[in-house]
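Please build the complex by placing chain B on the supplied structure of chain A, with the hints as guidance.
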Amino acid sequence: MKHLTEEELIEHYYSEDFYKAEAEMHLQACLHCAQAYEEFGKLLGAVRSPEPPARGSDYGAQVWHSIEGRLEPYQTKKKRIYFHWPQLAYAAALLVVVAGAFLAGRVWEQAHRKPALASNPQQAKERVVLFVLDNHLDRSERLLVQLNHVGAEEEKVDLPLRSEAQQLLTDNRLYRQSIAQTNDPLLTAALDHLERVLLEVANSPNELNSADIARIQQEMNTQGLLFQIRVLRTKVSEQETHAHAVQKGVSL
Amino acid sequence: MGNDDHALIRATLAGDKDAYGLLVARHSLSVFRVAFRITENDADADEVVQETFLRGYRNLERFNAQANFRTWIYRIAMNCALDVLSKSKKHTASPIAEEYDGEQPTVQLMDGSAGPDRLLLSLEIETRRQAAMEKLTPTEHIAFVLRHMEDRSTDEIAIALGIAPNSAKQAVFRAVQKLRQSLAPLWVKS
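As you go down the protein sequences, you meet chains A and B in turn. If you count the first sequence from 1, position 147 lands on 146 in numbering that gives the first Met the number 0, and the numbers rise without skipping. If you count the second sequence from 1, position 14 lands on 13 in numbering that gives the first Met the number 0, and the numbers rise without skipping.
These aren't lab readings, by the way, just hints derived from the structure by calculation. Note that the structure is a prediction, hence the values are computed from the model and not measured.
Within a straight-line C-alpha distance of at most 27 Å, the following computed DSS-like cross-link-like pairs (lysine-lysine) qualify: (1) A:K41 x A:K1; (2) B:K134 x A:K41; (3) B:K177 x A:K41; (4) A:K1 x A:K19; (5) B:K177 x A:K1; (6) A:K19 x B:K177; (7) B:K134 x B:K177.
Stretches of chain A that chain B covers, calculated by requiring three or more beta carbons in the stretch to come under 8 Å of a beta carbon on chain B: (8) 5-11; (9) 38-45; (10) 58-70.
Beta carbons are placed, not taken as given, at the ideal position from N, Cα and C, and that holds for glycine.
The shape of chain A in the complex, shown without the other chains:
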């Protein structure tokens, strides 16, 4: 049987125990605890402090007269503070909450803007590359269209294909070298193919005839290259649009 602790006996004496009925039952069943409890009862029963001496009905007035001279009357404004203290406290708390929310919003916005701003130069560079590449592919597409539409019956082709091909060839070499550093095999292969076509056209005799062009069309598969270039243009345009949208989102 588990005996009651001293603390439990004291709590029971002052009727502050949560399990009063259980303690009572235990005391009836356990002689050891019953004796300890009786001892506590005797002890605490013997502890009596002197009764307070009687004070007259005018005791309060006496106390007041003894302290009255040391008290300054309150000013009226103090009353106003007393009455409006809760309202002022609520208003101040509301102000703090609003200010806190505002500051938290600013901090959050700044915390989320920093990484975006940090990547801005890289994004701007990508946008420029995509823009000029799109322009290059556009010019290359037009050249290939002209090349593919020259009729076999035409003996002499009076088009500035050669000079255009020479200009495009220089640009294409630069783009091909730049793109080679990125991991885009489709674009790399297309630019490589384009360069061979441009090289052929640029190095052709001054006057290209239909037979020359037909040979180039056949040997260099310019129809296939034209398709490739159109696919790439669509892809580059989409990337450019996406990069532009990201840039706008960042600047918001």
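For chain B alone, kept in the frame of chain A given last:
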């Protein structure tokens, strides 16, 4: 009563000093009674009462309009009583020469059946009670008085002393243990 107290507080803060006089008249006797239970001295109890109402007036602006004035002024009274107890313990040499010595568990009391002897026992108990009360810390002293003499609950004691209910309960427990150590030998031969 509570609402009347609040009206008097508002009047006091509006500049009507005499309104506070009515609060003093209303609560002085109860404050005196508990102050005497703690200090066991007329003069000290009167001092506690005066100091309590002085502090109450000076801090009246801080009084929470939702609170109970009696509880609030009691808490101030407990602080004043603590000050008085601390002061008296600091400056007074132990008034009881016959302190209980733990190595001497029994005292030489005569048979308790005789009238004069029982009177002697009561005197011995009172002497030892006073000695034991002197040994209590001010917090234990006030907690025990409020619990044992004033029949206040643990929660009321905690509010009056501005401590947690569990701390109030422990203070009462420690006080009873100390009293038991001091008074237990009296029952050995009584």
